[in-house]
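A.B. asks: Quick mapping for you: the protein sequence lines, in order, are chains A and B. Per this note's numbering, the very first residue in the first sequence carries number 1; after that it's consecutive. Per this note's numbering, the very first residue in the second sequence carries number 1; after that it's consecutive.
Derived from the structure by calculation, the hints contain no laboratory data. There may be inaccurate statements among the hints.
Said to hold, decoys possible - Distance condition first, Cα-Cα at most 20 Å in a straight line; then the derived SDA-like pairs of lysine to any residue:
#	chain 1	residue 1	chain 2	residue 2
1	A	Lys74	A	Gln62
2	B	Lys20	A	Ser64
3	A	Lys78	B	Leu243
4	B	Lys227	B	Leu243
5	A	Lys74	B	Glu85
As the list claims (entries may be wrong) - Derived Cβ-Cβ restraints for the label pairs, each shown as a range:
#	chain 1	residue 1	chain 2	residue 2	range
6	B	Asp202	A	Leu44	51 to 61 Å
7	A	Leu44	B	Gln119	52 to 62 Å
8	B	Glu278	A	Leu44	54 to 64 Å
9	A	Ile39	B	His118	54 to 64 Å
10	B	Gly192	A	Arg219	40 to 50 Å
11	B	Ser49	A	Arg59	33 to 43 Å
12	B	Gly192	A	Phe245	38 to 48 Å
These figures come from a predicted structure and were not determined experimentally. C-beta atoms are modelled at their ideal positions from N, C-alpha and C, and glycine is treated no differently.
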Amino acid sequence: MSDLTTAAAADPKSWADEDDDDALPKPTETVGPDGIITIVEWKLDEDDRKVKVTRRVRRRLQTSQVSHTVAERKHWNKFGAEKGKSAGPDRATTTVSENINLKLVAGGQKAEPAEDEAAKAKATVGTKRIMCRFCKGDHYTSKCPLKDTLEGAGMGDMMGGDMAPADEGAGGGGMGSKYVPPSMRAGARGAGESMFRREDMPTVRVTSLSTEADEDDVRNLFSRFGPISRVNVVRDRDTNESKGFAFVAFESKKHAELAAEKMNGHGYDNLILSVQVLEPRPPRD
Amino acid sequence: MKPILLQGHERSLTQIVYNKEGDLLFTASKDHIINVWFSSNGERLGTYSGHNGSVWSLACDSQSKLLLSGAADNTMKLWDIKTGECLKTWEFPTAVKRVAWSDNDNLALCITEQRSGHQGAIRVYEISHDGDCKNQPDEPITEFSPIGSKATVAAFAPLGHEIITGHESGKVALFDAKTGEEIESNERAHSGAVTDLQLSPDGTYFVTSSKDKTARIHDTKNLAVIKTFTTETPLNSACITPLKPYVIVGGGQDARSVTTTSTRSGKFETRFWHRVFEEEVGRVRGHFGPINTIAVHPEGKAFASGGEDGYVRVHWFDDSYFRSRPYGDLEPAD
Numbered sequence: 001m002s003d004l005t006t007a008a009a010a011d012p013k014s015w016a017d018e019d020d021d022d023a024l025p026k027p028t029e030t031v032g033p034d035g036i037i038t039i040v041e042w043k044l045d046e047d048d049r050k051v052k053v054t055r056r057v058r059r060r061l062q063t064s065q066v067s068h069t070v071a072e073r074k075h076w077n078k079f080g081a082e083k084g085k086s087a088g089p090d091r092a093t094t095t096v097s098e099n100i101n102l103k104l105v106a107g108g109q110k111a112e113p114a115e116d117e118a119a120k121a122k123a124t125v126g127t128k129r130i131m132c133r134f135c136k137g138d139h140y141t142s143k144c145p146l147k148d149t150l151e152g153a154g155m156g157d158m159m160g161g162d163m164a165p166a167d168e169g170a171g172g173g174g175m176g177s178k179y180v181p182p183s184m185r186a187g188a189r190g191a192g193e194s195m196f197r198r199e200d201m202p203t204v205r206v207t208s209l210s211t212e213a214d215e216d217d218v219r220n221l222f223s224r225f226g227p228i229s230r231v232n233v234v235r236d237r238d239t240n241e242s243k244g245f246a247f248v249a250f251e252s253k254k255h256a257e258l259a260a261e262k263m264n265g266h267g268y269d270n271l272i273l274s275v276q277v278l279e280p281r282p283p284r285d
Numbered sequence: 001m002k003p004i005l006l007q008g009h010e011r012s013l014t015q016i017v018y019n020k021e022g023d024l025l026f027t028a029s030k031d032h033i034i035n036v037w038f039s040s041n042g043e044r045l046g047t048y049s050g051h052n053g054s055v056w057s058l059a060c061d062s063q064s065k066l067l068l069s070g071a072a073d074n075t076m077k078l079w080d081i082k083t084g085e086c087l088k089t090w091e092f093p094t095a096v097k098r099v100a101w102s103d104n105d106n107l108a109l110c111i112t113e114q115r116s117g118h119q120g121a122i123r124v125y126e127i128s129h130d131g132d133c134k135n136q137p138d139e140p141i142t143e144f145s146p147i148g149s150k151a152t153v154a155a156f157a158p159l160g161h162e163i164i165t166g167h168e169s170g171k172v173a174l175f176d177a178k179t180g181e182e183i184e185s186n187e188r189a190h191s192g193a194v195t196d197l198q199l200s201p202d203g204t205y206f207v208t209s210s211k212d213k214t215a216r217i218h219d220t221k222n223l224a225v226i227k228t229f230t231t232e233t234p235l236n237s238a239c240i241t242p243l244k245p246y247v248i249v250g251g252g253q254d255a256r257s258v259t260t261t262s263t264r265s266g267k268f269e270t271r272f273w274h275r276v277f278e279e280e281v282g283r284v285r286g287h288f289g290p291i292n293t294i295a296v297h298p299e300g301k302a303f304a305s306g307g308e309d310g311y312v313r314v315h316w317f318d319d320s321y322f323r324s325r326p327y328g329d330l331e332p333a334d
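Looking at chain A on its own, in the form it has when it is part of the complex (with noise of 0.2 Å):
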């Protein structure tokens, strides 16, 4: 009888002994010879699973002057969501960021540092600078070292593939490969303007227009009046065929004022035109 609870007793799955395990390891701090202090914390993952955090640090002791103010503020009791807290930051609201150089110099900053990556990739590729599909080394991808054994893990099939040339599509000439918004590239008016937004030019209408007419002709019977910013025929959206009117916008009001007066009842491939001077339409907001 004896014998078999010291059996269930010396055995390490026993229940007991299992609560024991879970609880933690008190955190050690040690100091090593050269002022490092090694700092060993348990704490418990997601999973429950028990993890060890080593963390080596150095200690130096800053001191600074302050007012009888301000030292006695750094004794006061936390309150708030912090009461009842320790001394010292929480590193749940607290975390220090990587390092920042703050380099101040005179004559105003460079434009933008993002334009510099673009032009800089861009110079690479205009002097064809050799790189190595697979290693990224300084030589030929065929005469790479590691070639068999990159390619054998798949690397060369997903290397391999022709890639696009990537200034194409860009549109904004210039600009290099990088994707630039149609509202932020040079001469754009701010945000994006409505597809449907009408240009502030004297326009006049002519109706009663042939259907034979296209732009060009339209162009060519208005020219004589002044300078034509646009031309525009009405057409049918899925026959393409002209609907009998067009808009002519000039550059000058007195233009457009000339055109409808000289132009209206002017007969053109046997119908008399009828050329109106639009008024300018309120701006849509």
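We have chain A already, so just place chain B on it with the hints.
C.D. replies: Showing chain B alone in chain A's frame:
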């Protein structure tokens, strides 16, 4: 420098302020909570909870005893800084957009929003410091509504006789704190809404930031524009660095259009501009949203920025910052 990242807020920051000695940093955000931190190590000292709306503005008195806050729940609250207790609540018909203390802590001002038939108003209260400070007057000593464009930001001029205001139209004006009379105004100080107004250490000039992408330094007495700093992004905040002749500005495109571009072209960097030469001298990146508010340590040793991304970053300047003289001998003597 290694910025200290403070993650005490769940929504975008609205205003951060240092106390007079610069050891405490108060942060307000749209998540209704006000936090106070030790600026030296980023340790959170406590929270002030009680507001039921976005906290729009904060002000700490010169003794670091009383904290004023204005929020979207139409209240202004007075807090005991040490204990986090709310001492007094003033209620208004509309949201409180800005609060400020006078130099001697006797006067407090608040700007209420213009909305639903209520005019935007500026109210000045006389704050008593007797006893536990709970016995505060309910009625303001002055209440006035600026004619024309509504006020967005305000501060007491030195000595507390006048109030400097910045308006939505870009106007900057000077009002008498006792009578509410407009003493001076500069209608075209900015061409967009004024978003921030901070005084220089001696109070003789102040900097404003605006949605029109510029920050300007004005003379406190006659509101004349002394310096202009033109950037390429709408600005949300600007402050003047003591010790060094710089102005720190921050901003970024509107929060609602942020998702349309990359972080880089969003220009979410704090920029250092030389106060005299009106040239940009440096940048500090880090935020991944527009910068809503910037505060500088009263001794010029550090600055903190709060962003739309909900983070506060506290930057203690390196030695190189104090040593550097980007303009050499042209630099004004320290």
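A.B. asks: Work down the list of hints and note, for each, if the structure agrees.
C.D. replies: Here's how the hints hold up against the structure:
A distance of roughly 15 Å separates the Cα atoms of Lys74(A) and Gln62(A); the hinted pair therefore holds under the 20 Å criterion. Using a Cα cut-off of 20 Å, the hinted pair Lys20(B) and Ser64(A) holds, with the two alpha carbons roughly 17 Å apart. Between the alpha carbons of Lys78(A) and Leu243(B) the distance comes to roughly 32 Å, so the proposed pair goes past 20 Å and is violated. Proximity of Lys227(B) to Leu243(B) is assessed by CA-CA distance (about 18 Å); at most 20 Å being required, the pair is judged to hold.
Between Lys74(A) and Glu85(B), the direct Cα distance comes to roughly 19 Å. Compliance with the 20 Å bound is thereby established for this hinted pair. Separated by about 56 Å at the C-beta atoms, Asp202(B) and Leu44(A) satisfy the suggested range of 51 to 61 Å. A C-beta distance of roughly 58 Å is found between Leu44(A) and Gln119(B), which places it inside the suggested range of 52 to 62 Å. Distance hint check for Glu278(B) and Leu44(A): the Cβ-Cβ separation is about 57 Å, which falls inside the suggested range of 54 to 64 Å.
Ile39(A) and His118(B) have their C-beta atoms about 58 Å apart, which keeps the hinted 54 to 64 Å range intact. One distance hint, 40 to 50 Å for the beta-carbon pair Gly192(B) and Arg219(A), holds here, with the actual separation near 43 Å. The hinted range of 33 to 43 Å is satisfied by Ser49(B) and Arg59(A), whose Cβ atoms lie roughly 35 Å apart. Between Gly192(B) and Phe245(A) the CB atoms are about 43 Å apart, so this pair conforms to the stated range of 38 to 48 Å.
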